[in-house]
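Visitor: Here is how the chains run, residue by residue.
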Amino acid sequence: MSRKPHVRKQYWNEAEMGLWERSYLPEILRGLFITGGVFMRNMAKWMTGRKGALTTYYPEETRWDYAAANRGKHVLTRRPDGSPQCIACNMCATVCPAKVIEIEAGFDPADTAHPKFPVRFEIDYSRCVFCGLCVEACPEDAIRMAKEVPDLPSADRRTMWLAKEELLQWQPQGDVAKPYPPAPPGAGKADRS
Amino acid sequence: MIADLVIALVFIGYAISVLMGFGTILTWVERKQAAVMSDRIGANRAYIRIPGTKVKLVWWGLFHGMADGLKMLLKEDFKPRTYDWYAYAVAPWVVFTPVLLVFAVIPFGGALTPAKLWAPLAGFFGEKSWPMQIATLDAGILIVFAFSGLTIIGAMLAGWSSSNKFSLLGALRAGSQMISYELVLALTVLGLILIFGTVNLDTIVRMQSGTVLGFLPAWGIVYQPFAAILFLTAAIAENKRIPFDLPEAESELIAGYFTEYSAMKMGLFMFAEFIEIAIVGALFTTLFLGGYNLPFMTDAGFAFPGGGTVAMPHGAVVVTQLAVFLLKVFIVCSFQILIRWTLPRFRYDQVLMFAWKFMFPLALANLCVTALAVWALRA
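Listed in order, the protein sequences are those of chains A and B. Okay, so the first sequence: first residue is 22 according to the working numbering, each after it adds one. Okay, so the second sequence: first residue is 475 according to the working numbering, each after it adds one.
Mixed in with the good hints there might be a few duds.
Within a straight-line C-alpha distance of at most 35 Å, the following computed DSBU-like cross-link-like pairs (lysine-lysine) qualify [said to hold, decoys possible]:
#1 K168/A - K528/B
#2 K831/B - K639/B
#3 K530/B - K66/A
To give a feel for the contact side, a few chain B residues facing chain A, derived at Cβ under 7 Å [as the list claims (entries may be wrong)]:
#4 V510
#5 M511
#6 D513
#7 I515
#8 K528
#9 L812
#10 T816
What the hints contain is simulated information worked out from the structure, not anything from laboratory work. The model shown is predicted, which means the values in this text are computed figures rather than measured ones. Cβ atoms here follow ideal geometry from the backbone N, Cα and C, with glycine treated the same way.
Turn these sequences into a full structure, and let the hints guide you.
Guide: As structure tokens, then:
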């Protein structure tokens with residue numbers, strides 16, 4: 022059986038090279054001028070104290086142009102009296118695909134509307150996938166995602182946890198979906214911040 | 475006699491520190507230049523913290539070379555169970571040593587007269603003057619080719635002895651490629667040898683200190699511009715760098731002939747490659763860019779074609795010549811890195827075809843034209 026000779030396939034957009042391109046050296050020089058030009062331009066920028074690259078030095082610099090809807094880091098909203106709006110129902114922890122949310126619930130009999138509250142609320146950012154499902158699962162609008170990213174780069178994954186104290190640092194306290202009714206006068210409140 | 479020895483030791487120390495310095499700096503230059511060429515920032519994470527403070531010295535990533543060296547020294551030196559451990563162990567040194575030896579015949583400065591540098595030195599050195607070159611050999615260029623040919627043996631040894639098909643393929647590629655391009659390299663230099671009538675590198679550099687047509691510096695690149703391009707191309711191929719890096723093509727052969735090497739043995743191969751960039755730069759500078767000569771500069775100072783002269787003390791002349799040589803070498807090295815980060819890789823059959831069917835005839839033609847011209851001008 023004789024083998025058919027190999028016929029190279031012809032493409033409709035086959036590159037056509039004239040004598041100029043085929044002689045190789047001029048095209049190489051053109052390429053060298055392009056890369057050299059980029060080098061010179063960027064170098065001039067570096068020399069005059071500007072940045073010759075678009076790259077952000079990540080841990081030292083953060084980007085200013087995060088989208089408003091960027092899922093950066095979690096925040097816990099608060100009621101007008103400053104207590105976390107979370108009722109420790111564990112729905113976010115249940116829906117979390119990466120299983121990074123850990124909640125320890127506490128019981129406050131004095132607060133009749135919301136007797137359950139989180140004693141500990143911790144998120145492991147070394148495993149978080151920033152999907153935002155916890156925000157969607159929350160019945161109380163207690164957890165949201167801010168556009169800023171957590172400033173956690175580290176060589177040790179055990180330092181990448183954020184606890185309730187940091188998560189509650191979100192400033193606009195008036196912007197909560199369910200304003201809590203004012204506490205009945207005289208009702209004692211447990212310390213639960 | 476003792477004075478000769480002292481001078482030789484000083485020169486050897488200078489040459490080795492220059493080569494090691496270039497080898498270390500070029501790793502950084504290559505990264506940084508590639509980054510700047512492609513709109514990136516480049517290596518900038520290694521730092522040294524001043525002890526007891528929080529001040530971190532980054533210095534544009536210069537410490538990455540130190541970090542790499544430390545890593546290579548400290549990581550496991552994996553050895554394959556090979557059938558020829560002796561060849562395996564000796565191969566990196568066979569690659570590394572000739573690269574250092576080539577620099578022995580390259581003149582890195584003009585004449586050095588210690589007595590003129592500082593008067594009290596005359597008591598020890600006398601009025602004698604030494605050319606700034608480790609070995610002033612009449613066989614200059616021949617020594618260069620003899621030593622750079624030795625690195626082929628190292629690459630072949632490394633490939634053969636590591637019992638690995640990738641290494642073997644890489645070694646075969648390295649052998650055939652380097653032998654092919656060595657021929658072209660020698661042929662391109664032959665034109666210069668015809669013009670200057672000597673192979674002594676010191677004499678060649680001295681003959682490049684004048685001017686042509688009254689204003690052009692009499693550098694080799696003015697006499698032989700075509701040979702200069704061929705020489706640089708062949709030298710890059712000889713150094714096995716992109717676009718001719720087929721012996722160590724990562725996408726095909728992992729790391730080629732040093733696949734089985736790890737830790738500092740692999741570091742020696744890498745270091746040899748970077749030093750060879752500097753050697754190619756030094757050779758190109760010596761042969762084609764007038765060595766340590768600035769245009770219109772002599773051992774006494776500047777003499778401009780218009781007739782103006784600027785006299786310089788001996789110390790200033792020596793320092794200028796050393797600095798000019800280093801600067802030229804650095805520029806050629808930087809140009810090689812520019813080429814390395816611009817051009818794509820050849821296919822392997824194209825590499826050999828390029829050597830034998832394109833560069834070899836061109837080098838021969840260049841040699842013939844040069845010979846005819848030299849003959850016509852002498853007659």
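Visitor: How about M511/B: closest beta carbon in chain A under 7 Å, or not?
Guide: Hint on M511/B: holds, closest Cβ of chain A at ~5 Å, below 7 Å.
Visitor: Using Cβ atoms only, decide whether L812/B comes closer than 7 Å to chain A, and label the hint accordingly.
Guide: With a closest approach of 6 Å, the L812/B hint holds.
Visitor: Compare the distance between the alpha carbons of K831/B and K639/B with 35 Å, and conclude whether the hinted pair is satisfied.
Guide: holds (29 Å)
Visitor: Double-check D513/B for me: the hint is only fine if its C-beta lies closer than 7 Å to a C-beta in chain A.
Guide: holds (5 Å)
Visitor: Starting from K168/A, check that the Cα of K528/B is at most 35 Å away, please.
Guide: holds (30 Å)
Visitor: A closest beta-carbon separation below 7 Å is what the hint needs, so does T816/B meet it against chain A?
Guide: holds (4 Å)
Visitor: Holds or violated: I515/B as interface residue toward chain A, Cβ cutoff 7 Å?
Guide: holds (5 Å)
Visitor: Would the hint on V510/B be counted as holding, given a Cβ-Cβ threshold of 7 Å to chain A?
Guide: holds (5 Å)
Visitor: Within a Cα-Cα threshold of 35 Å, do K530/B and K66/A meet the stated pairing?
Guide: Satisfied, since the Cα-Cα distance of roughly 24 Å is no more than 35 Å.
Visitor: Hint K528/B vs chain A: min CB-CB distance below 7 Å?
Guide: Result: violated, 14 Å to nearest chain A Cβ.
Checked against the numbered hints above, the structure breaks only hint 8 and satisfies the rest.
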